Each structure stands twice: as structure tokens, then as C-alpha cells.
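Model the placement of chain L on the given structure of chain H, informed by the hints.
Read off the chains here:
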Amino acid sequence: MSDTPPRVVIAGAGHAGGSAAAMLRQVGFEGSIALIGDEPIPPYERPPLSKAWLKGEASAESLALRPAEFYTTQKIDLRLDTKVAGIDRAAKTAILGSGEAVPYDFLILALGARARRLPIPGIDLDGVLELRTAADADKLKAALGPGKRLAVVGGGYIGLEAAASARGLGAEATIIERETRVLARVACQQLSDFFEAYHRAQGVVIEVSAGVDCLEGTDGHVTGVRLTDGRLIPCDVALIGVGAVPNEEIAREAGLVCDGGIVVDLAARTSDPAIFAIGDCTKRPLPLYDRTMRLESVPNALEQAKQAAAAIYGRPPLPSEVPWFWSDQYDLRLQIAGIPFDATEIVVRGDIAAGKFALFHLAADGLVRAVEAVNASTEFMGGRRIVQRGKRLTADRIRDMAVTMQELAS
Amino acid sequence: MAKVTFIEHNGIPHTVEIAIGKTVMEAAVNNNVRGIDADCGGECACATCHVYIEPAWLDKIGLPADGSQEASMLSFAAVTQPDSRLSCQIVMTAELDGLVVRMPEGQH
Chain H
9 MSDTPPRVVI AGAGHAGGSA AAMLRQVGFE GSIALIGDEP IPPYERPPLS KAWLKGEASA
69 ESLALRPAEF YTTQKIDLRL DTKVAGIDRA AKTAILGSGE AVPYDFLILA LGARARRLPI
129 PGIDLDGVLE LRTAADADKL KAALGPGKRL AVVGGGYIGL EAAASARGLG AEATIIERET
189 RVLARVACQQ LSDFFEAYHR AQGVVIEVSA GVDCLEGTDG HVTGVRLTDG RLIPCDVALI
249 GVGAVPNEEI AREAGLVCDG GIVVDLAART SDPAIFAIGD CTKRPLPLYD RTMRLESVPN
309 ALEQAKQAAA AIYGRPPLPS EVPWFWSDQY DLRLQIAGIP FDATEIVVRG DIAAGKFALF
369 HLAADGLVRA VEAVNASTEF MGGRRIVQRG KRLTADRIRD MAVTMQELAS
Chain L
9 MAKVTFIEHN GIPHTVEIAI GKTVMEAAVN NNVRGIDADC GGECACATCH VYIEPAWLDK
69 IGLPADGSQE ASMLSFAAVT QPDSRLSCQI VMTAELDGLV VRMPEGQH
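Protein sequence lines correspond, in order, to chains H and L.
Start counting the first sequence at 9; every next residue gets the next number (the numbering used here).
Start counting the second sequence at 9; every next residue gets the next number (the numbering used here).
In case anyone wonders, no lab produced these hints; they're calculated from the structure.
All of these numbers come straight from a predicted model, not from anything done at the bench.
It cannot be assumed that every hint is accurate.
Taking lysine-lysine and the DSSO-like style, the derived pairs with C-alpha atoms no more than 27 Å apart in a straight line are [unchecked claim]:
no.	chain 1	residue 1	chain 2	residue 2
1	H	LYS63	L	LYS30
2	L	LYS30	L	LYS68
3	L	LYS30	H	LYS83
Bound-form chain H, shown alone (with noise of 0.2 Å):
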């Protein structure tokens, strides 16, 4: 490298993003920042937007990961309505939608993802919306209300949060999930029926193993979501949550690799050593399970940040992290540490009819892989550390509540 000071483009202006160019100074990096995103308003936190900021106890302006006077202070160039289009690796540039071509010595691509769109008739009504951006959560908050019908496609995170949302502000939701239980890609059966139960007490009708057949509407605004068996599910707005894509088609054009998301390793770099990728967009090593997978989750944004910005400034790598998730479902705070990966037994600690749990995922040697924890912050903390160590125990232990969780990590 030159003397120069060198010179990072972020692509994409969202949780991980911002969190790059935060670290970047943070770690001591002097070189020029351009942050630039498409949406009009600079990074925020996007798993409100479900949860508090829908049910109306989080303002617009505690969503905004840092004061708008952040990116001036910290001399990061923040370029907001602005798309990256386009790479051009052989003159290190970004190309955006204007043609602009803004040069780089390092980019970072945290593209993020976006909702997967379901080919089927009436997805285009108004009233049928996706959540992943303030705009839309700020379309669905607008559509909900008391004696409102919501009708949520998909059983995830997404339409579970929703739906408790909706309930929260006296609208009625029904959920239609294809499989045969909510959350069937992320959290094993016991997990399952435990929403499932918890939602239908709180009013939620939910309908499983329902195929969609299209969306009906009058005068070009949804009435309701025709399922593949005929009945008809009435709705005044609807919400599909069917998944993400990762946004990978400016790096697949510019010959980076990608399977199912930008291909990274431990430090985010691409398979251009110029070029990192962060967030949801990116396929990872996961060194903990032997894997390499797409995760969407906050601290995953937040360690490939880092990782990123390790690498460009020059600094060892960072000690993998184990994953964790969580979802906010009325008075239920869910917490997964880890996957389960190669699991075989599921050992239940603490009392599900109460509400106050968590399940422990083990391998057959009773390698702990994973552990949901619902109202159980230590099972949560401790599980993380316990995965993270590569811990086994037995099931009689982990069942016994007399043996703390500080005892069950030691």
C-alpha cells in the first residue's frame, strides 16, 4: 500500500454497515469512509420494527444505531438514497446507480438481504407488504390498529413477532405457515408447540401445513388470502414473511464467490482480497459446527464488522463467536445460543408449562450444540459459554436445578 491513507466504500448503510465504519474508527482506522446506502434514513436497528417499535413503545429515533451527528463527528461520508450497482475489481471502484465510480482500497459489501417474494396472484394489492425496512414496518404499524384482520404468510420470526404485535394493538391475526408447525426451520418441535400454544391463548388463529393459493382483493386492495384447500382467510392487511434472499448480484457480476450468499471466511474477506462482505448477505465459516451457512442475525452483522474491520486495519483475527438469536413475543423473550447441528437428544431444563425454560441440544457423545432458552437469561448466558467451550454433559445434570447454570459452564 502506498502512504496515502486508505480509502473504504461500505456498501450498504444498514446494521452492519454502519457497525463497519463505527469499528473502523473505533480500532484507529484514519483512512476515508463512504458509507453509502439506498434507504433515505441513516443506519438503524432493524429487529424493532416487529417487536417494540410496532406495538408503539419504541420512538422512530431511538431506532437509529447513532445520532444523525454521529457520521460527521467521526468523519465517516454517509451517502444516503444511493445504490452500489455495480464493481468494477480491475479499477477498485464502486459504481453506482448515477455511473458516479467512487474508488476504493478496501470495500466492504453489506448488502444485506431481502424478502423473498411469493410467485402467486394478488401479491401486488395493496395492503400486502413484507417487513424488513422502516418504510414497511411504518406501512404495516399504519394498517393496524383495533378490529383489524392481519394475515400473516409465513410462521418465522417475522410473522410471529407480527402477529403478537398485532395482538398488542388490538388487531386479530391469523398465521398460515406451509409446514406442519411454526418455526419449523429454526427451533425443533417442543419450541414449536410452545409458541404455537402461547400464540393461540393470546387469540392468534393459527393455521399449519396451509398452502396459499393467491391473494384476493376489491378495487386493488387485499380482502383476503385464498389458501389451496378453498377457505378463504379475510384480512384487511397482509404480511408475507416467507424467508430472505441474500443480496448477492453485484458481487456475483463481479466474478466474487458466491453460493447462496457471498462466500467470506474468518476475517469477511471475499474471494477478492480487496473486498469483505458482512451481514446477512454473506455465506460463512462456522468453525464451531464445520460448516460454512448464511446467518441473518444482528450479532452475526456485528462480528463480521468487526472481523472486517480487524483485517483492514491490520489486526489479528478475533476468536469466532458462537451464534445467538432472540425474538420478543409478548411478555416471552426467546434466546438461542448456538445451532443444533448434528443434535440428538433434547433435554428440557426448568418448567415449559410455566413458561420459564430452556432446551438443551446434545450430540450423541452429549456435546451441548444448543441451547433455546425462553424467560432464561442465565440458561441463555451460560449456554453460550458452554457451547463455546465444547462442553458435554449429561442430561440427568442439566434437568437438575439444583446444579446451577454457573456450576453446569464451570
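Leaving out everything else, chain L in the frame of chain H:
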């Protein structure tokens, strides 16, 4: 506005200003103070905004109640001490103007 001083593990102090009603964690994050990660954004869900409260201030701030969410999270934070708190759970008041906290070596 009120002042908070964060002292890094290596002794370097950072004094920043924060509006009354905001949390000590926000004072660090909004000013990019190194050593406060605040991964969960202030949800009391990650224990990466862990600080030690200087003795002179501990009486005013107090410790988390036994069995509270914060106490649970702290029991697994890195290198806790008797004066450990999660800074996302400390709301700034006029009485806390001038608060001094120290930071652990790491948050993970």
C-alpha cells in the same frame, strides 16, 4: 446534558456528554467509545456493555436486584466484579452528572 467518563482498561479516559434520560450505554455508543460493544442495542440481552462503577458513585446507582434480568446476564459476563453493572440499565439523571465508570478488558 450530563457528563460521563469512561476509563478504558489501559487507563485512557474518555469524557462524553449525554442527555438526561439516556443510558450510560448510549453515551458510549453515540460517541464511539471503544470498549462498549452493546451488541443487543440496549435490550439487556447480551452483557457486552459491562462496566465497573467507581466507588463514589456506587451508592447512588446501586446494584441490580437479585434475580433480575441484569443480574442474570452479569453472572456470565466477562470478568465481573462486585461493582459490575450493565451500562444499558443505568439511566442518566442530574444526580449522576460527572459519573465515572471503568471498562473491563473485553466484552466477549
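Status of the hints after comparison with the structure:
Among the hinted pairs, LYS63(H) with LYS30(L) is consistent with the structure: their alpha-carbon atoms are about 21 Å apart, no more than 27 Å. Restraint check for LYS30(L) and LYS68(L): satisfied, since their Cα atoms lie roughly 17 Å apart, inside the 27 Å limit. Our distance criterion of 27 Å between C-alpha atoms is met by LYS30(L) and LYS83(H), whose separation comes to about 24 Å.
Hint compliance for this structure: every hint is met.
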